[in-house]
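Student: If you want the building blocks of each chain, they are given just below.
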Amino acid sequence: MPGWQALHEEFADEGFSVVTVALDLLPEKATPWIHAAAPTHPALIDSAHLSDELFGFNNVPMAVWIDESGTLVRPAASASIEGRRTTTVPDHLPDPVKALIAEAGRIPDIASEYRAAVVDWIQKGSESRFALSPHQVIEHSLPRDRSHAEAAAEFELGQHLYQSVGRSAAVPHWRRAHNLDPSNWTYKRQAWTLETTAEGAPSDLMQPATEIYDGNWLSDVLAAGGGEQYITIPHDLEK
Amino acid sequence: MILHQLTVDPAEFEKRTGWEAKPEGLCKGDACVPAPQVRTPEGQLDVQVLSDRLGMPLVTDEATNTHALGPAGLGRSLTTAVAPELELPDYQSTAGPQPFRLSSLLGRKVLLVAWASW
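Top line first, the protein sequences correspond to chains S and G. Per this note's numbering, the first sequence starts with residue 1, numbered consecutively. Per this note's numbering, the second sequence starts with residue 1, numbered consecutively.
It should be emphasised that the hints constitute simulated quantities derived from the structure, not laboratory data. On a predicted model such as this, the values are computed, not experimentally measured, just so you know. Backbone N, C-alpha and C define an ideal beta-carbon position, used for all residues, glycine too. Warning: the hint list may mix true and false statements.
[Said to hold, decoys possible] Simulated crosslink set (DMTMM-like; lysine to aspartate or glutamate; CA at most 20 Å straight-line):
id, chain 1, residue 1, chain 2, residue 2
1, G, Lys-28, S, Asp-145
2, G, Lys-28, G, Glu-12
3, S, Lys-124, S, Glu-10
4, S, Lys-124, S, Glu-9
5, G, Lys-28, G, Asp-46
6, G, Lys-28, S, Asp-67
7, S, Lys-124, S, Glu-113
8, G, Lys-28, S, Glu-139
9, S, Lys-124, S, Glu-68
[What the hints assert, rightly or not] Example chain S residues on the side facing chain G (calculated, C-beta under 7 Å, incomplete):
id, residue
10, Val-18
11, Trp-33
12, Glu-53
13, Gly-56
14, Ala-63
15, Val-64
16, Glu-68
17, Leu-72
18, Ile-138
19, Leu-142
20, Asp-145
21, His-160
22, Arg-189
Let the hints inform the model, and build the full structure from the sequences given.
Tutor: This is the structure:
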């Protein structure tokens, strides 16, 4: 959040706006982060994960770019603006936690390349090599076949039932969503975190194994090829 | 889209999905899909026809008789580069949420970024 706010402030006078969207079923989990960042840009909360469906987000952080005419010039792709700090893993931590931190450390850090691409677009507009044509935007948007779309329907049904009936009504639909589209991390991480966050805690970024769901963050990252494969880097952003 | 029956109001369907029922078919941005049988005699849209024509899976929770119609599974997550309308509450002010529409930023470049507390 602070990095996006800084980008917005730097370029707001050049006709550029950041809009952040929190994919949080429970808005009260997102608001403390928003208020701490004191944004001067729109800071939305999408408790029904509508924007997953409309823009094709399947993990966070991901972003789309929209030009002055309301046309997408970059489809949903991994987005990052603040470089990761290197951390040393304390020896006393339990092995699964150490393994998780190690895997998270292997996620490619694209912050400097991403920021440079955004600034290039802000300054050059459609002349920027990062601004794609409408045809390219559709071509490079993430695949959505029937099983991806069915996963979206099951996820939405689950979130509706979570709010209207309760947690146990949601779980079978979320389990189906996870099986139908294992590549969608928002469906999985949203469901896991509701099981693993301690009472009163803001959120759980570790998302360890539970008896409710088949997977967890570490097992699913390893199954999908490890931290190196966790985000999809557009070909024109590679180092 | 959450449904409690298998017909839907055309305006509600367009607001939620971006697909508009026009004489030439179901259209979103510059893409149109023919759907001759989609309108019911009452002027509603037949959800089963929407599901078939747009590849929108229809799933049901039997216990509550609640349906969800998924997005169009036509191959890619975007079928047009025209940005959809997005209406969500804006929590920028500590005074409380305010209504926000993405179209209010037409004329500016927008970077829309998804994040989460988890």
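Student: The structure should be examined with respect to each hint, and the outcome stated for every one.
Tutor: How the hints compare with the structure:
A C-alpha spacing of about 18 Å is found between Lys-28/G and Asp-145/S, which places the hinted pair at or below 20 Å, so the restraint holds. Taken as a hint, the Lys-28/G and Glu-12/G pair is honoured in the structure, with Cα atoms around 14 Å apart against an allowance of 20 Å. Restraint check: the Cα-Cα separation between Lys-124/S and Glu-10/S comes to about 16 Å, which is no more than 20 Å; the hinted pair holds. Restraint check for Lys-124/S and Glu-9/S: satisfied, since their Cα atoms lie roughly 18 Å apart, inside the 20 Å limit.
A threshold of 20 Å between alpha carbons decides the hint, and for Lys-28/G with Asp-46/G the separation of about 18 Å falls inside it, so the pair holds. At roughly 18 Å between alpha-carbon atoms, Lys-28/G and Asp-67/S fall within 20 Å of each other, so this suggested pair holds. The hinted pair formed by Lys-124/S and Glu-113/S meets the criterion: a straight-line CA distance of about 16 Å does not exceed 20 Å. Pair hint Lys-28/G plus Glu-139/S holds up; C-alpha atoms about 17 Å apart against a cutoff of 20 Å.
A C-alpha spacing of about 13 Å is found between Lys-124/S and Glu-68/S, which places the hinted pair at or below 20 Å, so the restraint holds. With a least beta-carbon distance of about 5 Å to chain G, the hint placing Val-18/S at the interface is held under the 7 Å criterion. Interface restraint check: Trp-33/S against chain G, minimum CB-CB distance 6 Å, threshold 7 Å, status holds. Residue-level restraint check for Glu-53/S holds (minimum Cβ-Cβ distance to chain G is 5 Å; threshold 7 Å).
Of the supplied interface hints, the one on Gly-56/S holds, with its beta-carbon coming within about 3 Å of a beta-carbon of chain G, less than 7 Å. The interface hint given for Ala-63/S holds, since its Cβ lies 4 Å from the closest Cβ of chain G, which is under the 7 Å cut-off. With a least beta-carbon distance of about 5 Å to chain G, the hint placing Val-64/S at the interface is held under the 7 Å criterion. Interface hint status for Glu-68/S: upheld, as the beta-carbon distance to the closest one in chain G is roughly 5 Å, under 7 Å.
Of the supplied interface hints, the one on Leu-72/S holds, with its beta-carbon coming within about 5 Å of a beta-carbon of chain G, less than 7 Å. Annotation: Ile-138/S was flagged as interfacial toward chain G, and the flag holds, the nearest CB pair being 5 Å apart, inside 7 Å. Hint status for Leu-142/S: holds, given a least beta-carbon distance of 5 Å to chain G, under 7 Å. The restraint placing Asp-145/S at the interface with chain G holds, with a minimum CB-CB distance near 5 Å, inside the 7 Å limit.
A distance limit of 7 Å between C-beta atoms decides the matter here; for His-160/S the minimum to chain G is near 5 Å, and the interface restraint holds. Checking Arg-189/S against chain G: minimum C-beta separation of about 5 Å stays under 7 Å; hint holds.
Comparing the model with each numbered hint stated earlier shows that all of them hold.
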